[in-house]
Every structure is written in structure tokens, then in C-alpha cells.
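Protein chains: 2
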Amino acid sequence: MQDIYSYIDENKEVYIQWLRELCQIPSVAAQNRGMEEAANKVISYLKELNGETKLVQTSGFPVVYGKINGKISKTLSFYNHYDVQPEDPNDLWDYPAFEGVIDGGKMFARGVADNKGNLVARLAAVHAYQQVRKELPLTVKFIVEGEEEIGSIHLEEFSEVHQDLIKADGCIWEFGYRNADGRQQISLGVKGMAYVELVCKGANTDMHSANAAVIENPAWKLLWALNSIKDQFEHVKIEGFYDDVLNLTEEENVAIQQLIYSEEEMLAGLELNSFLLDVKGNQLKERLIFHPTCNICGITSGYTGEGSKTVLPSEARVKLDFRLVPNQDPHKIVSLLRKHLDKHGHQDIEIIEMGLEKPAKTPLKNPLAESIIKSSKELTGMDPTVMPMSPGTGPMYILCQKYGIPSVSVGVGHFESNNHAPNENIFIEDFIEGIKLISTVIDDYANR
Amino acid sequence: MQDIYSYIDENKEVYIQWLRELCQIPSVAAQNRGMEEAANKVISYLKELNGETKLVQTSGFPVVYGKINGKISKTLSFYNHYDVQPEDPNDLWDYPAFEGVIDGGKMFARGVADNKGNLVARLAAVHAYQQVRKELPLTVKFIVEGEEEIGSIHLEEFSEVHQDLIKADGCIWEFGYRNADGRQQISLGVKGMAYVELVCKGANTDMHSANAAVIENPAWKLLWALNSIKDQFEHVKIEGFYDDVLNLTEEENVAIQQLIYSEEEMLAGLELNSFLLDVKGNQLKERLIFHPTCNICGITSGYTGEGSKTVLPSEARVKLDFRLVPNQDPHKIVSLLRKHLDKHGHQDIEIIEMGLEKPAKTPLKNPLAESIIKSSKELTGMDPTVMPMSPGTGPMYILCQKYGIPSVSVGVGHFESNNHAPNENIFIEDFIEGIKLISTVIDDYANR
Chain W
1 MQDIYSYIDE NKEVYIQWLR ELCQIPSVAA QNRGMEEAAN KVISYLKELN
51 GETKLVQTSG FPVVYGKING KISKTLSFYN HYDVQPEDPN DLWDYPAFEG
101 VIDGGKMFAR GVADNKGNLV ARLAAVHAYQ QVRKELPLTV KFIVEGEEEI
151 GSIHLEEFSE VHQDLIKADG CIWEFGYRNA DGRQQISLGV KGMAYVELVC
201 KGANTDMHSA NAAVIENPAW KLLWALNSIK DQFEHVKIEG FYDDVLNLTE
251 EENVAIQQLI YSEEEMLAGL ELNSFLLDVK GNQLKERLIF HPTCNICGIT
301 SGYTGEGSKT VLPSEARVKL DFRLVPNQDP HKIVSLLRKH LDKHGHQDIE
351 IIEMGLEKPA KTPLKNPLAE SIIKSSKELT GMDPTVMPMS PGTGPMYILC
401 QKYGIPSVSV GVGHFESNNH APNENIFIED FIEGIKLIST VIDDYANR
Chain X
1 MQDIYSYIDE NKEVYIQWLR ELCQIPSVAA QNRGMEEAAN KVISYLKELN
51 GETKLVQTSG FPVVYGKING KISKTLSFYN HYDVQPEDPN DLWDYPAFEG
101 VIDGGKMFAR GVADNKGNLV ARLAAVHAYQ QVRKELPLTV KFIVEGEEEI
151 GSIHLEEFSE VHQDLIKADG CIWEFGYRNA DGRQQISLGV KGMAYVELVC
201 KGANTDMHSA NAAVIENPAW KLLWALNSIK DQFEHVKIEG FYDDVLNLTE
251 EENVAIQQLI YSEEEMLAGL ELNSFLLDVK GNQLKERLIF HPTCNICGIT
301 SGYTGEGSKT VLPSEARVKL DFRLVPNQDP HKIVSLLRKH LDKHGHQDIE
351 IIEMGLEKPA KTPLKNPLAE SIIKSSKELT GMDPTVMPMS PGTGPMYILC
401 QKYGIPSVSV GVGHFESNNH APNENIFIED FIEGIKLIST VIDDYANR
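Going down the list, the protein sequences come from chains W and X. Residue numbers are given in UniProt numbering: position 187 of the first sequence equals residue 187, and the series is strictly consecutive. Residue numbers are given in UniProt numbering: position 441 of the second sequence equals residue 441, and the series is strictly consecutive.
Same shape as in the complex, but just chain W (with noise of 0.2 Å):
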């Protein structure tokens, strides 16, 4: 490969170009700005591999698929996508979030690390292989989303009506980052998610809370329905709610016990004297990775301005966020919670679906994981960590599983790339070694 690696450093600018341009364009999706445009370079890159290339309608922000045809029709897919988080708030950050800044080897950019860095590198990968060896050793297909920031939510609808544009043998998911150690890290499946809001109401009207003795507060109501639902040692009470739950296996537990968490930096950074339940070591990797969490993402009822008012609130609601591990499943998971709710008296309180996406996992043995191992360990001179799961979500189950595709995270982040916040960033150097990685994981992986 050091044919390719000797391309790719002698053109890095080049490719920290490509990166750069696309990072300039706040294609914000939430606030649907600059989406068209940042498309439009996803297509104009992809033109530059020679390869088959369309704008695919949807009934939310179009999907930039790419396919480019190599020796054999084994083919390797590239999930990413081309739309970011919103930049705020601003004050935070030292440098411009949409300018592609290059300070202490670092680029800092909204999206650079999730997931525009990914992304170009990946289509540089296929450029300098195709530049030093003219042709792949198998197919190719880029699925670049535009919502993956705003739930994916017209995804699946995409996947449906194109199953074969989706079809491949295997796929690189969009995320990845490299340890505090310096090794990569590889995961293997996401968690899924059953976000729900709950509604409880009482009189018709907010009243005044001398009545609170005779009328009943709907606030009330629902902190006792929650309190039902989770105790205090973080047990979701919901019954049946663990049972599709899988025993992890053997190679499970050696990877958690492999995988390295700083835990002493993360509490200093967080200003926290301890874990959950006061967790560690592998017990709290454990947690993180392979069990389902019931968390309140919101919650509010009554006045909630500054001082007081005494009021009796005529409503209360919760956002609930449920994540699930293989096999649980988001339909199953919200019909316990109605009957739950119900067996506890609480029928009246409504429950609003807000976003079910289902666990995602790929075997720890599977050709594709495999290759990315062995390249990693190749290219970087160390193993690389394994996560059989990821602790977040995705729709990794709609795009490959569903399909029988296993899926792989590997990436160009690093562990303080702070994705989603101010100065978000990658390295240069992971960037290039990235590229690096990619061009090696298409050569063997078309062997395996």
C-alpha cells in the first residue's frame, strides 16, 4: 500500500482542501440552511471518481448517492451524511464555526469531525487509489444522507423504495474516533431508541393552588407515574422490559474489558464527584455500552418563570428517552409502558410517540470488521479497541441490518472532537491517516 499512503501524503492538500470547502457550508438541516449547496459538492467530489452519481428526492432533504464500479461486484458502502448540527451558541467558539480554521494541527469546524471529516475522507480514499491504480479491487456506493442531525426521519422511506441502491456487502458507518491512547476505535452497532412524551391533564384551567387540598395536580400525577416507571437504583420497573435483552457473549465481555474509558477526566470534566450508582471500570463500560437507559429528557409543568406564582397546573408533560440494547424492540418497549401505565391507574395519561429506531449490532467475527482490524493495526502499528456497541443511536438498523448488511464505525474524530458543541475538531494527521485507512480496508476487504 505504500504506493497509495506516498499519493495521498504528496496530495494531503488536496484533500484538506476538498474537506475545508464542504465545512464551509453551514448545511444546517434543522434550520435549512445551506443543505442544496452542500449536496451539490458531495455530487461535484463524487464526479471527480468517475463513478455513477444522483441527487435522490425524498420527502425531506434529498440523499447523494454515488456507485463506482471496481474489478469484481463485491461491494463496500459508505454511510455518512452531509448535514450538521446547528453552530450555537457562538460566543463559544474561538474560531469561526463555518471557515475551516487550521490551528495546532487541528481543523476546527461545525461538522468537521461529525461527520464531513469521514465523508471526504472516505471519497479521497476512493480518488487516491483510483489515481495510483487506476481501477478498485471491488464497487463502491456512497448513501450521504441530509437529516442524519434531525432523526433521519425520511431514511427509512429512502431505504424502502431503494433497496438496491442500499444493497452492498458491507458498510462503513458514518462515525468514529480515535482513544486517549491513540488507538482507533471500531464499534460495531448502536443502540435503539423509543422516544416518547407523556401527557397528563387535570381541570381544564390552571387554577389557584388553595384548591390543591380537593383537586387533584396533574404534576403530581406523572412524577408518581415516573416514579413507577425507574427507582432509585436505576431499575426500569416496566414489566417485561428487560426480557429481550441479550446475555452478552464472551467476546463481548472481553471487549468491554479491552476497551479504555478515561474515567477520572471525564468526571473532572463534567465538574462530578462520581459515576451513576457510582460505577467503574468495567461495570460502568458495561453500563455505557450494553444497557437500556429510561432517561427524562424534559420535563415541565406550571409556572416556571422567575419568583412565585401559586398555581395548581391544569397539565403536565415528560419527554422520555428510552435506549435499547439488542434484541428490545421500540413497538414492544411503548406497548409495556402503555399497559404498565395502565395497571398503575394511570390510563389517562397519553403517551405520543416521538421517534422509534430499533438496536443495530454486527458480529464481532464478520469479514468486514475483520479487514478494518487488520488495516488499523497495519497502518497505526496498534490494535485498535473494539466496541461491540456504540452507547448512541442511529439508523444503522434500516440501512443494514434490516437488509443483512453488517455495518462497521470507523472514523477520523478523536475523543475531544467535541461533536455537537463549540470547536468542534479533528486532526490533520487522523484526517490523512484516515484516508490512509480506508484505501487499505478497500484493498483487503475485496480479498476477504
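Be a bit skeptical, because a hint or two may be false.
Identical chains blur together in the list; that is why a pair holds if it fits in one copy or across any two.
Claimed, not checked - With a Cα cut of at most 20 Å, we get these calculated EDC-like pairs of lysine to aspartate or glutamate:
| id | residue 1 | residue 2 |
| --- | --- | --- |
| 1 | 309 | 353 |
| 2 | 141 | 156 |
| 3 | 221 | 271 |
| 4 | 309 | 149 |
| 5 | 343 | 231 |
| 6 | 374 | 444 |
| 7 | 74 | 370 |
| 8 | 365 | 278 |
| 9 | 134 | 216 |
| 10 | 47 | 88 |
| 11 | 237 | 263 |
| 12 | 201 | 278 |
| 13 | 309 | 88 |
| 14 | 280 | 263 |
| 15 | 201 | 234 |
| 16 | 201 | 231 |
| 17 | 280 | 216 |
| 18 | 237 | 378 |
By construction, these hints were calculated from the structure, which means they are not laboratory data.
Once you've looked at the hints, dock chain X against the given chain W.
Below, chain X without anything else, positioned relative to chain W:
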């Protein structure tokens, strides 16, 4: 008293005009509108009574004070306020909020029931008595504050500095209503209040909710703390909370039984099927009047806007009002709450005190109450309803019981006066009757 009653009837248009003019001043303390104008208007009426009158400065809006000497030094005082609640929402009013339109025998205006109608009726009673009999049989005082609707925040300061001004043998309190059955309602006390905000903090920043598996969520923590404070049977679980609550006296039990509460109309108006814990009848009335409460006025944490956001909040807040009954002490209740939270592992939940008021109660058997009950019966031909306490709260203790002054509430509102709400109103007939009642009490109380 027929001579005075006749004078009142013959001059009722004068007194209605007094009321209308005061109601036309939008004296909203919370918005600092029309406050000086309203205070001056009250002073101009007091000057008609040929008494001593002055504007007493406080750190907030001034108190209007008036004193009219009578044949004896025995003193009856009137506590009122010249401020009103904000009038919004404007679009729900059938008449302008600050015109004093009369329609169907009622005057409609913000503050006409709470409590400009009572204030003007008392001024008019003194005026009519003087016109007919020249000299009052006893001395009367007016204490008219400007901050009742914003928590009487400087009234304790006023009362401590001006103990000479508030000194009296009995005090007629600001509010009072006629029941659905036409009887006047007399009440002899108010609940106390401990209004607190609880603040629970987590990490120093909102986080991606994937971290909920290992980082504590302050919303859940606050919720479990609240759950430890009150159970689903509405029992407050703070150790010692009920220790100082007095048993009902035989007289109070009788008063509860005699009290009229229109359960069906109340439920229909609120579109509810039942009261809290399905209470009815005497049990309902006893709860309303004699039970302390722990009410959630407002709760907030995390993302409460439209749609979904997967966030682990860094803070959660709740506003609680405890309505207290004799002899509970709000300072002691806050201290018990602190101990309770500490004992349940919530040392890090902060308590912010936002308003502490002691409950106040005047015994059923006292000369002022007896005088009002007798006068009401003589005037209306019906026994009034006597409420040993009101479910509401007010600064009664700091003006009356603290200095041994008995206090009784009676006034010109009715059960559908819509205090604090659109279309606030009183019946003109009740207003005229209220003037007659106060003139009768002045006459009767002088001889007790």
C-alpha cells in the same frame, strides 16, 4: 339603622360612582400601572370622611392610612388593598377590564371583587353613618396596601415600623363572598404558606442522552426526592409535618357541616369526574379548609420545546407551595423539609425560600365575629355561613394575630365573582347590602 339604610339607598348612585372611578384606574402592582393614581383616589375618599389620612412610604408601593375618631377609642380597622391582578387575557373579557360597565345588575371590572368593592363599601359605610348620625360610635382605621397581589412583600416591614397605626380591637379583612344559597360567608382565618424552590444540579453542562447510562440525571433525582415528600394518598411524608396541626374543635366541626360547597357545579365547570381522592361532602370541606397541602406550582428540567431532543439535563427545578394550617410554622416546615431531604440522600438539593407566611385564625367566639354574624342575619334575614378558615393565604398574621387583633372576613363578592380571572364582577345589590352591613357592624360592635 333604618335611617342609615335609607340614606344609603337614596345615595347609592354616589357610592356606585365612587366604585366605578376607582375601578377605572388600572392599578396593577405587578406591572406598576396606575398605582399612584389609585392611592390618591383612596386618599380623596378618606378626606370626604374628615379623618386623618396619609400615604405611608415603604420600600415598595406605599400604604394608604386613614383614621376617623369616634365617640370612643375602641377601634375597628379595615384591611384592604388598592392594587389588582393583571387583567390578561384581554380577549376573554366581555367588557373592558377598566371601565366598570354595569350589565344585568353586575359591575364588571378587574378588581371590583378583589377588592375595590369591599374597600369602597367600607368607605361608603363610614360616610353614610357620618351623614346621618354625625359622629361614629367608635374609631375606625383603614389600612390599604398596594402589594397584596404581589405577595404583600413590604407589609411586614410596614406593620413592624407602624405598630401604632395598625393597633385596633378588631379588623375586618379584605375579602368576602356570598354563597350560591344567598347567605353571606364569613371567615375567620387564612392558611399559611411555605413557598420554596428546590434546585437539583447534575453535570456542569447538558449532555448527549447516550450518557444517561452512567451519568446521574438531576430530573430523576428531583423526582425521587419529591416522591419521598408526598405519597399517592396525598400524605406528606416529611417527619413532623403534621405535628403542630390542631384538632378541629366541636365548633369548627359544626361549621364544616353547615358550610355549603357546590360540588357538582364545581366539577362540571372544571370538566372533572371527581375531587382529589374522590372526597365528598364534609370530608371534602374539611380538606379544603383544614388540611395543609404540598402543591407543585411548577416543575422544569431539560428540553421542553416542540419535538424531541435527546438531552441529559444538567439541572432540575420545582416550585412547591405548602399551605399551612394553625399551628404550623413555615420556618419550621422548611427546616423539616431540609432534614427530610438530607435523610433521604438529597443533601445536594438546594432549598430557596420564596415566601413564608404563618397561618392565622380567630376563634369563632369573639365580639367582632358575633357582631358581624348578628348584623348579617338582621340585614338579610338569613344566618350567614361561617368558615372557621379560608383555604387561601394572606398577610393576616403579621397585621392581626401577631398583635392580638381578631380578624374577620366579610365582603361584597359572590361565589362566581371570577377573582383573578376575566369578567370579574360583583352584584350592585350585594355592594349596597355590603355598605349597610358595615354600617350596622360599626353601630353594633361599638357596644360589645
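Structure-based check of all given hints:
1. 309 to 353: between (32 Å within a copy, 13 Å between copies)
2. 141 to 156: within (18 Å within a copy, 76 Å between copies)
3. 221 to 271: So residue 221 and residue 271 pass the 20 Å test across copies only (17 Å; inside, 33 Å).
4. 309 to 149: Answer is between: at 10 Å across copies they meet the 20 Å cutoff, but 38 Å inside does not.
5. 343 to 231: both (17 Å within a copy, 18 Å between copies)
6. 374 to 444: within (9 Å within a copy, 102 Å between copies)
7. 74 to 370: So residue 74 and residue 370 pass the 20 Å test inside one copy only (16 Å; across, 99 Å).
8. 365 to 278: Classified as neither: same-chain Cα gap 33 Å, cross-chain 60 Å, threshold 20 Å.
9. 134 to 216: neither (74 Å within a copy, 54 Å between copies)
10. 47 to 88: neither (33 Å within a copy, 61 Å between copies)
11. 237 to 263: neither (29 Å within a copy, 37 Å between copies)
12. 201 to 278: between (36 Å within a copy, 17 Å between copies)
13. 309 to 88: Answer is between; shortest inter-copy Cα gap is 15 Å, intra-copy 32 Å.
14. 280 to 263: For residue 280 and residue 263, the Cα distance is within 20 Å only inside one copy (8 Å; across copies 56 Å).
15. 201 to 234: between (27 Å within a copy, 18 Å between copies)
16. 201 to 231: between (24 Å within a copy, 19 Å between copies)
17. 280 to 216: between (42 Å within a copy, 14 Å between copies)
18. 237 to 378: neither (47 Å within a copy, 64 Å between copies)
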